[in-house]
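Visitor: Got chain H sorted already, so can you dock chain G onto it with the hints?
Residue numbers (our numbering), protein chains in the order written: chain H, 1 to 209; chain G, 1 to 209.
Derived by calculation from the structure, the hints in this document are not laboratory data.
Just to be clear, a hint being listed does not mean it is correct.
Which copy is meant is left open, because identical chains are indistinguishable; a pair holds if it fits in one copy or across any two.
Straight-line Cα separation of at most 30 Å, DSSO-like style, residue types lysine-lysine; simulated pairs [to be verified]:
hint, residue 1, residue 2
1, Lys-112, Lys-27
2, Lys-182, Lys-35
3, Lys-120, Lys-16
4, Lys-35, Lys-83
5, Lys-184, Lys-112
6, Lys-182, Lys-27
7, Lys-22, Lys-182
8, Lys-16, Lys-171
9, Lys-16, Lys-27
10, Lys-35, Lys-125
11, Lys-171, Lys-206
12, Lys-76, Lys-27
13, Lys-206, Lys-83
14, Lys-125, Lys-184
15, Lys-206, Lys-16
16, Lys-206, Lys-184
2 protein chains.
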Amino acid sequence: MKDKNISVAVIRRLPKYHRYLKELLDKDIRRISSKELSSIIGFTASQIRQDLNNFGGFGQQGYGYNVEDLYSEISKILGLTRKYNVVIVGAGNLGQALANYTSFGRLGFDLKAMFDINPKFMGLKINDVEVLDMDKFESFVNENDVEIVYICTSRAGAQDVADRIQKTNVKAIWNFAPIDLKVKEDIIVENVHLIDNLLTVSYFLKENL
Amino acid sequence: MKDKNISVAVIRRLPKYHRYLKELLDKDIRRISSKELSSIIGFTASQIRQDLNNFGGFGQQGYGYNVEDLYSEISKILGLTRKYNVVIVGAGNLGQALANYTSFGRLGFDLKAMFDINPKFMGLKINDVEVLDMDKFESFVNENDVEIVYICTSRAGAQDVADRIQKTNVKAIWNFAPIDLKVKEDIIVENVHLIDNLLTVSYFLKENL
Numbered sequence: 001m002k003d004k005n006i007s008v009a010v011i012r013r014l015p016k017y018h019r020y021l022k023e024l025l026d027k028d029i030r031r032i033s034s035k036e037l038s039s040i041i042g043f044t045a046s047q048i049r050q051d052l053n054n055f056g057g058f059g060q061q062g063y064g065y066n067v068e069d070l071y072s073e074i075s076k077i078l079g080l081t082r083k084y085n086v087v088i089v090g091a092g093n094l095g096q097a098l099a100n101y102t103s104f105g106r107l108g109f110d111l112k113a114m115f116d117i118n119p120k121f122m123g124l125k126i127n128d129v130e131v132l133d134m135d136k137f138e139s140f141v142n143e144n145d146v147e148i149v150y151i152c153t154s155r156a157g158a159q160d161v162a163d164r165i166q167k168t169n170v171k172a173i174w175n176f177a178p179i180d181l182k183v184k185e186d187i188i189v190e191n192v193h194l195i196d197n198l199l200t201v202s203y204f205l206k207e208n209l
Numbered sequence: 001m002k003d004k005n006i007s008v009a010v011i012r013r014l015p016k017y018h019r020y021l022k023e024l025l026d027k028d029i030r031r032i033s034s035k036e037l038s039s040i041i042g043f044t045a046s047q048i049r050q051d052l053n054n055f056g057g058f059g060q061q062g063y064g065y066n067v068e069d070l071y072s073e074i075s076k077i078l079g080l081t082r083k084y085n086v087v088i089v090g091a092g093n094l095g096q097a098l099a100n101y102t103s104f105g106r107l108g109f110d111l112k113a114m115f116d117i118n119p120k121f122m123g124l125k126i127n128d129v130e131v132l133d134m135d136k137f138e139s140f141v142n143e144n145d146v147e148i149v150y151i152c153t154s155r156a157g158a159q160d161v162a163d164r165i166q167k168t169n170v171k172a173i174w175n176f177a178p179i180d181l182k183v184k185e186d187i188i189v190e191n192v193h194l195i196d197n198l199l200t201v202s203y204f205l206k207e208n209l
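Just chain H, with the same shape it has in the complex (with noise of 0.2 Å):
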């Protein structure tokens, strides 16, 4: 299923919906308008119209959304219906921080081993996934069917990883890594950078002033 015509900005929205849709779920709510969306969710009632008008007709005058068909739908166009492989490069305190999100696990994402090339960490277990020797790290890979690299290494050590990816099957990178990896266009490169995200902090503390 494509969406072609939904903008970026209305994507990257999506999980915020996800996420407290799935609270109201686990709360036996089963309907919502979106007034009552908007004072939980924090976006404005004609945001959140405008944003769910991308994808049909889950609200009706007088009556609302229904929660579990339009968590469904966002589910839907956000992957989430099948499951995907995924390793993480970088076995140091951020693979391990993630490697222990049982969050991304329950989603669809499974963790299926680690890799570090540092001796130290060979052999150990995090959260019932092993740390793996790079050396294997193509091969594994390919027969594993893995989409999804997660990048932790420091910034000297990710293009290296990146190039190493592209030399396989693997489809899309989520870079913890402070670098914009060069990578062909068909690779798909989602960023982390924390230090983009604190400098904004370090703006709005300025500005508050």
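Guide: Below, chain G without anything else, positioned relative to chain H:
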């Protein structure tokens, strides 16, 4: 200095300019055209001219941008001309990963202590910074003029930390817990919601098939 007329979208791009300009300075490159800057940073030249026009005439026809002046101006806008005292709450893998990022310190974010409720972390030193008991949180942050708290706790513990922060002089929260914190309006909250980011990866994967 207030820059209320600069849009948040521009502000969120500034850290990337800041990062690339620093690299240019490190290579002793003193001036650069918007076209060259475009080729390394990935924004269009017209986007770059538009962004940088927001804060004065650093670009000159036929000369380009003075890298040092531009870097120093962007540093000023991002509030990087002074230091910020910082603590981390949550001394697990993520908290330890952040404590080990020396680049935060170099930019002026001075990590003063880490806090946890788990006895196993007490007295531990990460990168020369000690883990203290949460009992000492309020007195420590007020006595040490802490302005920013990085919240690296579980989802369950995060709101409690936010509640305690509101009784101190802390001004900003950098939140890594997968929850939207409820705080008074005068406290700045910047979220790193990893799951939201990961779900855009699965979206793009689905779209690319």
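Visitor: Evaluate Lys-35 and Lys-83 at a C-alpha cut-off of 30 Å and name the case that applies: within, between, both or neither.
Guide: Neither, since 34 Å and 42 Å both go past 30 Å.
Visitor: Which holds for Lys-206 with Lys-16 at a C-alpha limit of 30 Å: within a copy, between copies, both or neither?
Guide: Result: close both inside a copy and across copies, 28 Å intra and 19 Å inter.
Visitor: Please sort Lys-125 with Lys-184 into within, between, both or neither, judging by C-alpha distance up to 30 Å.
Guide: Classified as neither: same-chain Cα gap 32 Å, cross-chain 41 Å, threshold 30 Å.
Visitor: Please work out whether the CA atoms of Lys-35 and Lys-125 approach to 30 Å or closer within one copy, between two copies, in both situations, or in neither?
Guide: Answer is neither: 47 Å inside a copy and 48 Å across each miss the 30 Å cutoff.
Visitor: My question is about Lys-171 and Lys-206: at a cut-off of 30 Å on alpha-carbon distance, are they close within one copy, between copies, both, or neither?
Guide: For Lys-171 and Lys-206, only the inter-copy Cα distance (11 Å) is at most 30 Å; the intra-copy one is 40 Å.
Visitor: Within a copy, between copies, both or neither: which one fits Lys-182 and Lys-35 at a CA-CA cutoff of 30 Å?
Guide: The answer is between: 19 Å across copies meets 30 Å, while 44 Å in one copy does not.
Visitor: At 30 Å max between alpha carbons, let me know whether Lys-76 reaches Lys-27 within a copy, between copies, both or neither.
Guide: Within one copy only: 22 Å inside, 47 Å across.
Visitor: With identical chains treated as interchangeable, where does the CA-CA distance between Lys-206 and Lys-83 reach 30 Å or less: within a copy, between copies, both, or neither?
Guide: Between copies only: 11 Å across chains, 43 Å inside a chain, cut-off 30 Å.
Visitor: How would you classify Lys-16 and Lys-27 at a CA-CA limit of 30 Å: within, between, both, or neither?
Guide: within (17 Å within a copy, 41 Å between copies)
Visitor: Up to 30 Å between alpha-carbons, please classify Lys-22 paired with Lys-182: within, between, both or neither.
Guide: Between copies only: 19 Å across chains, 36 Å inside a chain, cut-off 30 Å.
Visitor: Indicate which option fits the pair Lys-182, Lys-27 if close means a Cα-Cα distance not exceeding 30 Å: within, between, both or neither.
Guide: Between copies only: 19 Å across chains, 44 Å inside a chain, cut-off 30 Å.
Visitor: Is the C-alpha distance from Lys-112 to Lys-27 at most 30 Å within one copy, between copies, in both cases, or in neither?
Guide: Result: close neither inside a copy nor across copies, 32 Å intra and 40 Å inter.
Checked against the numbered hints listed earlier, the structure breaks hints 1, 3, 4, 10, 14; every other hint is satisfied.
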